Each structure stands twice: as C-alpha cells, then as structure tokens.
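Asker: In case you want the letters, here they are:
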Amino acid sequence: MEKKIYLDNAATTQTRPEVVEAMLPYFNVMYGNPSSVYEFATQNRKAVDDARGIIAKALGAQVNEIYFTGGGTEADNWALKATADAYENKGKHIITTKIEHHAVLHTCEYLKSKGFEITYADVDEYGIVKLDQLEKAIRPTTILISVMFANNEIGTIQPIKEIGAIAKKHNVLFHTDAVQAFGQVDIDVNDLNIDMLSASAHKLNGPKGVGLLYIRNGVKIRSFIHGGAQERQRRAGTENVPGIVGFGKAVELAMASMKERTDKEIKLRDYLIKRVLAEVPYVRLNGDRHRRLPNNANFSFQFIEGESLLIMLDMNNICASSGSACTSGSLDPSHVLLAIGLPHEIAHGSLRLTINENITFEEIDYTVEKIKEIVDKLRKMSPLYEDFIRKR
Amino acid sequence: MEKKIYLDNAATTQTRPEVVEAMLPYFNVMYGNPSSVYEFATQNRKAVDDARGIIAKALGAQVNEIYFTGGGTEADNWALKATADAYENKGKHIITTKIEHHAVLHTCEYLKSKGFEITYADVDEYGIVKLDQLEKAIRPTTILISVMFANNEIGTIQPIKEIGAIAKKHNVLFHTDAVQAFGQVDIDVNDLNIDMLSASAHKLNGPKGVGLLYIRNGVKIRSFIHGGAQERQRRAGTENVPGIVGFGKAVELAMASMKERTDKEIKLRDYLIKRVLAEVPYVRLNGDRHRRLPNNANFSFQFIEGESLLIMLDMNNICASSGSACTSGSLDPSHVLLAIGLPHEIAHGSLRLTINENITFEEIDYTVEKIKEIVDKLRKMSPLYEDFIRKR
Amino acid sequence: MYTAKVMEHFANPRNMGEIENASGVGTVGNAKCGDIMRMYLDIDDEGIIRDVKFKTFGCGAAVATSSMATELVKGKTIQEALQVTNKAVMEALDGLPPVKVHCSLLAEEAIHAALWDYAQKRGIQIEGLSQPKSDISEEEHVEQY
Amino acid sequence: MYTAKVMEHFANPRNMGEIENASGVGTVGNAKCGDIMRMYLDIDDEGIIRDVKFKTFGCGAAVATSSMATELVKGKTIQEALQVTNKAVMEALDGLPPVKVHCSLLAEEAIHAALWDYAQKRGIQIEGLSQPKSDISEEEHVEQY
Ligand SMILES: Cc1ncc(COP(=O)(O)O)c(C=O)c1O
Ligand SMILES: Cc1ncc(COP(=O)(O)O)c(C=O)c1O
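Residue numbers (the working numbering), protein chains in the order written: chain A, 105 to 496; chain B, 105 to 496; chain C, 107 to 251; chain D, 107 to 251.
Misleading hints may appear alongside valid ones.
[Stated by the list, open to error] Cross-link-like lysine to aspartate or glutamate pairs, in silico, EDC-like; alpha carbons within 16 Å at most:
(1) B:K107 / A:D189
(2) B:K216 / A:D189
(3) A:K185 / B:D189
(4) B:K185 / A:D189
(5) A:K107 / B:E143
(6) A:K218 / B:E192
(7) B:K481 / C:E124
(8) A:K481 / D:E124
(9) B:K363 / B:D290
(10) B:K108 / A:E143
(11) C:K111 / C:E233
(12) C:K159 / B:E490
(13) B:K484 / C:E124
(14) A:K218 / B:D189
(15) A:K108 / B:E143
(16) B:K218 / A:E192
(17) A:K216 / B:D189
(18) A:K234 / A:D392
(19) A:K484 / D:E124
Since the hints were derived computationally from the structure, they do not count as laboratory data.
Predicted, not measured: the structure shown is a model, and the values here were computed from it.
Based on the sequences and whatever the hints tell you, model everything.
Answerer: Set out below in structure tokens:
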C-alpha cells in the first residue's frame, strides 16, 4: 500500500478539517485576550464559553464545572495534587491502580515523596480493577480514588459506576482519567458519581495542547497553576482560545457521531482481532474481549520484540504502537501488561493497534497479512523461538 | 474610524499569517505524536526540535536548555515551584519584586503558604528595582531571585545584567519573567547571567497556549507537570506540535525584524507620549521615559476612572487596557502603579496603550483626539474634578 | 460584559451634572475602591423630588447605576425615593455582572445620603432613613489556592 | 531515530541464522530487558572465524548491531575479533541513540561469549578474554522529579 495506514489513534488523532476551520478565525481575526473589556475581546470570551457549554453538556456537567487546561497530563496533575493540597488535613492516603497512565502514576510518586501514601490496586487478567480490593483499601485517611475510565494500552473499560458508588459510600472523592474514553464511551458524571474527570482534545480529533478538568461543584479545589484570574480564578494563564474552540468543535462532532462511529469501529476491531487470533500462532489478545474501547486491539506475539515489529510495520506504511507512546525510549516493558500478569518477555512482544472510523476492511486485511509476514520473519530471527522449537 | 485600532498588544497579539501557515500542516497532515517510533511521527519530532533550535539561538541558549510549556504562566509556576522543591534543603527564602505579574506573585503567595519566605523588593518611582535593597535582601538561605525582564503594565525594563551579576556574586539562582520582553529586547542568557527565563508565544505574534522555560544546564530542576517522558522527562504531556511550530516561526520572524520594528515602534510610542503629555492636562506618564518597552505607553489621568475611559475608547473602536488584562474584573487598582507610589485614585485612572509596528501615525492622532474628548467628558462627570476645581 | 441597557445609560447618562443650592447633596464611595457617587436633589415643599443630578467617578456600571437611579427617583416623593433599592436599579438595567453589584448599592446609598443631607439641613427626620455609611467597600474575596 | 545504516542492517540483516555444530555459541542479554543475542562461530584450525551467524530477540538497534558485529568479525582471527568493541560496532553503524548504546555492548559481549564457549569446548585459554556476564542490563535512570 502506498497510503499510510494510521493505526495509532490512541497516541493522537488527526485534527478534523472542521475543527481546524473553527479554530482559524481565532488566530488572526478574533485574536483578542478574553480577559479584556472591549467588545473585540468579548466575542472570544463567548467562544470559550460556548465550547465550555458543549463540553459540559457532553459530560452531563454544569458549565461552571469545566476548567480548561494545557492537556490531559496537566488535568491529571491538577486533580491529584490539588486534592492532596486541599484535603491533607483529612488524610494523606490516595488509592489508584497499577495500570494508570504515567500522568497519574508519576504524579502519585511525586506525592509519595511529599509524604502521601499511595495504594496501587491490582487488576485482573483482563485489566479490570478488583473492586473488593479497592473498597478494602479505603481508610479513614483516604482522600481520593483515582481510576482511569479506559486504559490507553489495552483498552479495558473500568466499572466506573461501581467505583463511583464505592467512593460515594465511603465519602471519598473520585477522579477518573477519561482521556481515552471521552468521545468513545457515554459519560455522565452524575450518573457515574464522578467528582473529577480529565480529558484531552487531541485524543478525539481536536488539537494538541488543550485539555480539561471537570470538577464537581462543592469539591474543594486549589489552583495548580497560579496567576491571573482566568477560569474563575482556578487556572491561570491566557486562554488558548483557538485550542479551546477546537476542543469544543471536536467534542460536538464526536458526540453527534458517537453511536454510528463506534458501531463501525467495533466491527472493524472485532474483525481484526478475529483474524489475528485465528491466523497467527502463539499470540494472545490483551485486555477484555468486550469491555474494551471500540478502537483498541492489543496483542502479544510470543518470541518477538515489539519495537522490531513496529519498525517493520512502519516499513510497510503501517503506524502502530507497542504500548503508550509516552514510554517509548524506555527499556522497561509496559507496566500495564505486567499488571495483567504477562511475563516480561511476552510483554515485550506486544502491539497496540488503535483504529478510527475511516479505516477500511481492506486496510485491516493488508495489516493482518503484514503482521503475519513480519511475525514469521522475526521469529526466524529469534533465539527464544529457536529454543522453543528445539524443546518441543 | 471604521477600522479597529488595536492598542493592547501587551495583552495579546495577532497571530501572524505566516505563523498560522507554518502551523497548519501539523493539525491534519503531519499530526503524529512526536513520541511515536514510526517515520510519520519523526517529522513532528524534528519540527519541535527545529523550533527549539530557533528559540535557543534567539536567547543565546543551548538547544537542550529550552523546555516548552502551555504558556508563560506555567513557565513562571514551574520555575518558582520547582526551584523551591529542588533547593529547599539549601534554604526557603525567595526574593522577587512588588511589580511582578500575578503568575509570579500568586505563585509566591502559594509558596509562602508552604513555609517559604518571600521578600518583595521595592521599585523606584519609574518602576526600576532598587538594586541595593535587592542585594541586601540576600541571605544564606536565599535560593532564588525572580525579577521580571520588563513590566507588562508600565513597560519598565529592569537592569537585568546587574541583577544577574548580583545573583551570581552571591551564588543564588536568577529567574526572569521575560514574557513581555522576548522579541522586543535583545536577550542573551549568558551575557545577562540568567539561569531561568519564561516566555509566551502569544505575546510576540505566536499562538496562545504555548510558552517556554529556559533552564540553564546545571540547574537542578524538578518536573512541575509529571507524566510521560516528553521534553527530556522534564515536562510531561503530548507536545503541542502546531503551537510549538508556531512559536518557533513567530520567534524567527520577531528576531529578523527586531531592529527595524522596534525603531518604528519607538517613534510611534514617543510621538504618542509627547502629544498626550502636551495636550491633556493633569496627566502623568507611568514608567521610565527611556528604559521602557518599545511598544508601551502608560498614562494616569487624574479625576477619572480607567474602566469608563476604556469603554468609551472601545465605543470609538480603540482597544486599550487599564492595567494587566488578567486583573480586569478585580476592583483593586494595579499593584504595579501602587508600587511606583501612585495614590489609589490616580492609579484607578490609568490607561495602557501598547502598539505594534503596523499602527500608523494617523491612528495615533485619532487616538489622542479621542482620549482628549473622553477625558474631558469624564472629568465633567467626576465629583473629584468638581472638588478640585472648586478648591482651586 | 454589560447589558445593552447599562451600555446605553453609560453612553448617554441621564441627569448628569450639578444643582446649584441643592436641597440635599450626598457623596458616597471612596477613591481607593475606584467609585465615588454624588447625588444632588432639588426637593420642593411638598417633598417631591423635582430635580436630581449626579456626578460619578467610577466604572461603566457606576455611571449607569447613577444614571438609572436618578431616573427612578425623579418626580417621586421622598418616601417613594426611599423604596428605590439597589435591586430595583439593577432590574431596571437588566442586571449587572456579579463583581459590579456593589455599584448599585452605592447608587442606593447616594440617594439616601442626599436625603439625609436634606433632612439635616431642614432639621427634620425622615421615617425609615438612618445615616448612611459614607464609605461602601464590599469586595469579594475568592479563595485563590 | 536510527541512522540509515542501522535501518539498512535492520531491514537486511547479514549472517542471520544458525550454524550446526558451531565451534562456539554464546547467548547474552535477558528477556526481561527485551534483548537477547546469540552468536554462532565457525572457527578453523588456524583460529580464523570462517563463518558467523546470529539470532536476536530485540529492538531495531539490537538486530542491526548483531548484524554489524557479525560482519566485523567474519574472516578475522580470534585476536582481531576480540578487538571489535561496541564502539567499533556503533561507529560502523554511524551511531546509535543514547538509550540504545547498550545494544552495541550486548553485541560485543555476544562475540566474547561465543569465543568463551569455543575456548571452553577446546579447553584452551584465549588471551585477554574473561568469562562474559551472561546478563547485561544497563538501564539509564534519569531523575524524574
Ligand atoms: C489515559 C491517558 N491519560 C493521560 C494522557 C495524557 O494526555 P496528554 O498527552 O494530552 O497530556 C494520555 C495520553 O497521552 C492518556 O492516554
Ligand atoms: C509579564 C507577564 N508574565 C506572565 C504572563 C502570563 O503569560 P500567559 O498568559 O501566556 O500564561 C504575562 C501575560 O499575561 C505577562 O505579561
């Protein structure tokens, strides 16, 4: 295939043309600072508020519960650090899981260095958090439970409603990192008892560099970025107006197309999973077969290493990932795959394919053929495979 | 005039068409995540590095000393909080000034609540920091001096080289908020002994929502936003590729045009200042007559209040500001004007006009005429003016 | 930020000016907070407010509330004028931004102050009127951290 | 991320495969770190490396360094092969990204391990060769906070 097949939509997505279109006037026509008093700038304040309205509606939230940030990572940092700050008088214990994104895990490590205690709840072999363990971990000093809505590597969707109920029962705040879930799964913060939620525009065909933190009214929240009075004095810094407008537009489009789009993605995903499991020996699907994001497939191929696989796919014009994009460059295998129980060498041979609705069945077919070829080639090169065959 | 006269370039600037042009392909053509391994994404990594190179050169810095952020405010927060974190074993004393931007001042208040001691150095009537006082304030426990390069309200440019020398002499780190200065004034971090420097793209015709922190190699620095391994593991979060590319382009253009542009601005600025001082009674120029940003003029008109003045200017298609845009909505007069010794009621009557090189002398003339009319009208309405006239 | 009504009153303030030998003059607010309002009342022997003028140093909302307040009391009896609350002024302006509500309070107080001055000069008592504070400052403080 | 040379060797690895009844076989690395290299040497009676093959489980750099290492030792004497350092391998590949330098060390170690196996089988000592570690893990830890 000449055309690039982009199967890494969990890493980032193409900003939709309609989104770019919506952003453009805010660069050099309506470029005012929303904090300014003159008419020229009030249109920008309105544009920001309109985006906030669209997003609040998509989450079932109030307009004044949405705070824009510079991305999903900032939102995660804010949620955890500001909660720690505001509630440390109540206690210094936070519960999260072993499979969170580094934006949560590394923030937890930071908080640990500041005297907080962190419990990392286990997940089962499908990546579902163990609810009984989670509930048992709650102490009188627990101030926050942070569990991601859906995992970025293996796509597993957590039982968020149940977790929300547990948090509520024990009067503990509940934050969820919904960076991967927003736009792919129905989310209603009230129905699910979510107190704080992080999202990022570039994961749902919006621009990079803009995200949000939903904070339920009533939650005591401190600023994380201090300065001017923007975002109701909660998040300082000149608003990224074009970015926020783009985020709003992307959410509007994602919400409008949700059912149709995810139905299509699920068909493509299931076809991909079925073919790979049927046609490649010594392979496993990571994550849950059904409780998974519509766009996510994650495989481990025994005896081969992920980066080599990726490069060979790339040589064949297929863009894929071996885990979270953020951790490439690291030599450790994915903490998520280890948490679901994979041995190191199998975790090393993992491949994440995340589709979008514009991928075709032909492209999936081509991809499966290439995977077969490449896995075969790499196994021929592998001393582990050699040993395995010898021992048989 | 039918055309809008935008005289609030210190609040934000128009993103140049060339900058938007440079950004566009990174939204939906080269949209990959720079952390990904495939070829398709490496072009984005390169784009980010190219921007970093341009900016490093503009500051006389090493490429690996530039870290991109979500704006100037984040950069200020990072510089102060991370230094506090990394050096608190040495001491918990920070020196700054009374006229910093809220991004620095509110961060200092936060640090104060965490047990740090902050000294706010005074400035003289022109807004220049008192060097002897600054030096005397240094203690064995002082870990940081943070003094802005140029003030956002009154435009005063600080004696940064002298401050850098003092910091170096006493072995204290020196951070400068150069958000207003970058692109308007020559900056060489080595020549000026700057250890950390904040800047923001939207103040120099780049996009909103992207900034940078320069951190000199050798400075112990902690992350402020934790998560993925981006920005050499120092600033997590998927890179805002279009924003960073736009920042790079804006800096490239600003550097190329610096001399010519600022010469032009200085002529316009001086003409504006001369006319207003000559033609409006009971007015003063705030800030230093010469050591000021090329684009800044700031006046206080006795007996009238700034917001009314702004709204009337707005009715005449002139966009201006009465202080920093961030603080509008607040009822307090500008802390900067109070710091240079203005009484409250005079501080309330202040007007900031920040030009750009595309403003014409005709537009300045029109603006001066309107100022004269409006000031006259508002004084007729003012009980303070009534009292003043009566008492004469 | 402001309603059309506010903007209209700001652009074309009603009853701006002074009254020579006014029956009552009241000044409230302070320059520190950036708002000073002065009301002049011309009250006839029947206790009808025949004329009213204002001068205001302050923001757009301060000017508009002053203007609206003068309209609401002009031609009214003293007792009617006392019923002109800040709420009435705000409603007549189709509302004010939250940070500007204090301007409408100032307008109410300015009328009261002018009536107080009138009563003092006349050596009378007006029912329901107590000495107004001459300084209204009522800033909102939102927790920052 | 990789040089053209690295990509070329990755795409077309030289000397990939096994040697039946090899004079020496060495395996280094571990699956935990994601890199395992195995070298097969065919050494003739004069001590010349007549043939060399490799198998590698690992990243692009691991495959390319294995391939390059085999090229560099093929036809060489044992003493010459011992001079093939990781630096030589890296230079021949026009460099490696910093996080991948350990792959070149692994390649050097794999040759040494195969030579060690050869010496053991033969019951001889090779000057300058000590028993290689069978497990090379050499991760960089950058302070995160
Ligand atoms: C689950 C999850 N959380 C957080 C993030 C961080 O978002 P961003 O890169 O926009 O900061 C990502 C993506 O990188 C993610 O997948
Ligand atoms: C001096 C100064 N510092 C910091 C900032 C904050 O920059 P940003 O709004 O890009 O976060 C500004 C502008 O708002 C400024 O003028």
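Asker: Now look at each hint and say whether the structure bears it out.
Answerer: Hints versus structure:
Proximity of K107 (chain B) to D189 (chain A) is assessed by CA-CA distance (about 49 Å); at most 16 Å being required, the pair is judged violated. A threshold of 16 Å between alpha carbons decides the hint, and for K216 (chain B) with D189 (chain A) the separation of about 14 Å falls inside it, so the pair holds. At most 16 Å may separate the alpha-carbon atoms for a hinted pair to count; K185 (chain A) and D189 (chain B) meet this at roughly 14 Å. Restraint check for K185 (chain B) and D189 (chain A): the C-alpha separation of about 14 Å stays at or below 16 Å, so the hint holds.
Using a Cα cut-off of 16 Å, the hinted pair K107 (chain A) and E143 (chain B) holds, with the two alpha carbons roughly 13 Å apart. Annotation: proposed proximity of K218 (chain A) to E192 (chain B) holds, straight-line Cα distance about 13 Å (limit 16 Å). Taking the CA atoms of K481 (chain B) and E124 (chain C), the gap is about 14 Å. The hint holds against a cut of 16 Å. For the proposed pair K481 (chain A) and E124 (chain D), the alpha carbon gap of about 14 Å is at most 16 Å, so the pair holds.
Annotation: proposed proximity of K363 (chain B) to D290 (chain B) holds, straight-line Cα distance about 9 Å (limit 16 Å). Distance hint between K108 (chain B) and E143 (chain A) is fulfilled; the C-alpha atoms sit about 11 Å from each other, no more than 16 Å. Proximity of K111 (chain C) to E233 (chain C) is assessed by CA-CA distance (about 32 Å); at most 16 Å being required, the pair is judged violated. For a cut-off of 16 Å, the pair hint linking K159 (chain C) to E490 (chain B) stands: about 13 Å separates their Cα positions.
Distance restraint check for K484 (chain B) and E124 (chain C): the Cα-Cα separation of roughly 10 Å lies within the 16 Å cut-off, and the hinted pair is therefore satisfied. About 10 Å separates the Cα atoms of K218 (chain A) and D189 (chain B), which keeps this hinted pair within 16 Å; it holds. Annotation: proposed proximity of K108 (chain A) to E143 (chain B) holds, straight-line Cα distance about 11 Å (limit 16 Å). Taken as a hint, the K218 (chain B) and E192 (chain A) pair is honoured in the structure, with Cα atoms around 13 Å apart against an allowance of 16 Å.
With a C-alpha separation of about 14 Å, the suggested pairing of K216 (chain A) with D189 (chain B) holds against the 16 Å cut-off. With a C-alpha separation of about 14 Å, the suggested pair K234 (chain A) and D392 (chain A) falls inside the 16 Å cut-off, and the hint holds. In summary, the hint linking K484 (chain A) to E124 (chain D) is supported, as the alpha carbons are separated by about 10 Å, within the 16 Å threshold.
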